[in-house]
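Here the protein sequences come in this chain order: D and E. Numbered by this note's numbering, the letters in the first sequence go through residues 38 to 558 in order. Numbered by this note's numbering, the letters in the second sequence go through residues 119 to 566 in order.
Simulated from the structure, these hints should not be mistaken for laboratory data. All values derive from a computational prediction rather than experimental measurement. Don't take every hint at face value.
[What the hints assert, rightly or not] Ranges between beta-carbon positions, derived for each pair: (1) Gln505/D - Thr179/E: 52 to 62 Å; (2) Ser372/E - Pro425/D: 23 to 33 Å; (3) Lys204/D - Asp425/E: 44 to 54 Å; (4) Asp44/D - Asn139/E: 29 to 39 Å; (5) Pro425/D - Ser377/E: 29 to 39 Å.
Backbone N, C-alpha and C fix where the C-beta goes; we use that ideal spot for every residue, glycine too.
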Amino acid sequence: MNILYKDFKNEPILDFSKEENRKKVFEALNKIKKNLNREILPLISGSRAQSINPADPQEIIATVSECDEKLTQKALEEAEKKFYSWAHTPVKKRAAILKKTAQVLRNKKYDLIALEILECGKQWMEADGDICEAIDFLEFYAQEMEILEEPRKLGGEPGQNNLYVYKPKGVGVVISPWNFPIAIPVGMIAAALVTGNCVLFKPSGESSACAFEIVKAFEEAGLPQGVLQFLPGKGSVIGKYLAKHPKIHFIAFTGSKEVGLEIIEAAAQTQESQHHVKKVIAEMGGKNAVIVDADADLDEAITGVLQGAFGYQGQKCSATSRVIVLQDNYEKFIERLKEAALSIKIAQAEDPGSFVGPVISKKAQEKIKQYIEIGKKESTLLVEREVPQKGFFVSPTIFIDVKPNHTIAQEEIFGPVLAVMKAENFDEALKIANGTRFALTGAVFSRSPKNIEKAVKDFDVGNLYINQKSTGAQVARQPFGGFKLSGVGSKAGGPDYLLQFMNPKTITEKTMRQGFSPETI
Amino acid sequence: MPKIEKEIQEFSKNLLAQSRNQIPSVFNKEWWIGKILDFSMKDKNFKLELFRFIDVFPTLTTNAHIRSHIEEYFKREDLRLPSHIRLGLLAATEGLTSTLAIPALKKNIHHMAKIFISGENTQDASKNLEKIWNSGIACTIDLLGEKAVSEKEALEHQKNYIELIEKLSELTPSWKENKSLDFNHEGRIPRNNISVKISALNSQISPVNYDESVSITKEKIRPIFRKAQEKNCTVYLDMEHYQLKNLTLSIFKSLMEESEFSQFKEAGIVLQAYLKDTEEDLKNLINFCQEKNKKVYVRLVKGAYWDAEQIWAGLNNWSCPVYLNKEDTDANYEKLSLLILENHHFIKPAFASHNIRSLSHAIIQARHHDLPQTGLEIQMLWGMAEPIKKALVSFGYRIRDYVPIGELVPGMAYLVRRLLENTSNESFLRQSFSDIKEEEKLLKKPGS
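Construct the complete structure from the given sequences, taking the supplied hints into account.
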């Protein structure tokens, strides 16, 4: 079998069994705490908002000057002015800027980890993983574009030269979430830039300080001014305005299904002054299921489910939110899972022992708690724990005997809530797993070759994990993204991603003149 | 050839010659296990499917499940099985014969497990333990358990270890006196001896949460040490995978410093020669003992997670913590043996290996470092290398078997590790007793 990206080396995660690595994170945390409330400015100043520590809402990490429509328009015009020169900058140079940016992030790794811990409530290893992923995106897309840049010759008959090349689309917008506050925006921005586009970057308000670090890193790496415009502010203002703007060529979005579908709808309406069809690259939610087969290794399945469901408080689009257990294993599984869930540590992310920390905001906390109330009415509560009062904590919560049509088995909750279901056999388990509007990630714990094959064929997800948890996709090794209402199938970190940001162009030249051609002369 | 090397050669040749009169159980082709392992060593595809099948087997609760798994693993066109194996396995899947064949297969697999796992519980194992003792071999007991995924399970493991010490202390006094097992050069040593895994005692152990992992694991070990102190039992902390290595060392040293255990002379730790870090770790441990005026047991092993360490390092894109070349591990083992023997005032050495060359080197070097024969012990796994043990017993050495106790399901990981070891191309036992590699090559100084 042909192996893709055999030589691509992912950025190594930190080995925290080594004392020096732990020490550096503690030092970085202390450094940030001494220098709180940093100021974050867009290209042009507007109104102000604050980004806070979800574990301690009194702790203001940054104050953000927000853009309004007028400033957004200005940023767009500035970016348009830069498009021609950036599109004509040699790929080698564009790729080199990405690689340099990766190096800048590497150099600041510990500071960035600390910032994610404080601003987004990411646990140490989660934060480290996020920075590694960002670095991987930069290195990977740089490498990919250098390959794609080479024109491909089509056919071989003399007298005619056929070439296939890719061209940038134009000015686009990147709208990013807070849950992978550096990796996801860096991935989308890097892909858009390396393909020759200019970018208006609208980050989530909940991770403004992390977003600002990204912009600074590109700047430090030598990205020409104006190619990347930084537009902190409200999605309801900036996002809406840009999604329907006739001069925007593409929208790269990662976030909720609701907002994603709104963007797709707005982008589909062609304005009178618009000269192109807008492209939307959207990664949305998931309602990811893990199937635990009758012959599963329960040690592995329980650890995998626990990490998948409660890692970063379940605030990942890939998080495990449903577990479907074959009846042979059901009782034993829930008994051990319950005890395991009662054993994990609930603490602010700054504590390196934190398994479950605070969710991102008061709003998120309230929404998740509402779902927990619904779950209590629909099914049976297995685990709910005491949580700290200070900070936006929600208990890791497990429901059992959930039915496939229950609200908590259908809607994305984006929090530490897990629905456990029972299936009579593997076919039924697959049917339940496929029975939602989403198709992002899924996992199967099984040691039956036949059942594994069934899952490979019929488990409808963008990323299928076999005997491994449903989260933690790595660039190049596990291109990430789903279909159905989970996304448009663009697959970040894989071979099809950069193509989304370009228009292919075929060039045909008749090379025969007066009966001779370069091949015959 | 230097004089010491000559002595090592002489000793090891004699030991090998004595051992080769017999055959270890796993290579005995009279038995099902011998036959099946023999074929697995010849066919890699079969070996993979066989080991995967053995891994899943204990979780198969119904005959229907066993049948379907045999079909899925072994009824494949690309697997060409010799008739005796085909008959045994596939009969289990076919109509009438399956009612007879499945119990037979179950019996065979249980029999295989029983070669390495001495019983489902201490009661069950107690006969074996006395039998081992009567054959002139001491033991250290390891409790096989499911991975502790919760604190409830971790506490269960802790309780089991404490009960184990109790039971051993009731069991062992009636065993008959054996000079070479009951005494070292300094006096009487305990018959009770256990090996503990820290991962079994703290379900939340994690290198990133280092300090808390140390303190919580220590809380779990204290009652075990206390009981061991009370009942005169040796306790080794087993070494597991590399991510827990620093934690294990920190926990061990930190416990040794506690005033409660200042008089506890029966604590030990395991060091793995395949790790590039170990030399440094051993030097630190020696310094620690020197400064704190301690004397501890060190069991020197080659290391049992060699394949896994490479896979983990590869997936994380980390530099590999283990020597990739088997010979480098063997050479390191000798280097570390020497370092231990040079410091035998602080370290009570236990050389754990089935490799005749490695053991002979340690034995001869001990003589040259003025350590009496009873000052060291040789440790091996129960169910392996029986002929070598027998020969060493006849030479008057103290041999200690590492004896696991536990049920088949949680014991599977242990069993599969043993099967991997026995059938590995690099296995000294395989080369000695199955492939019959020539003496010169088997016993040569590593790296020469």
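Task: Non-conforming hints, listed in increasing numerical order - done: 1, 4
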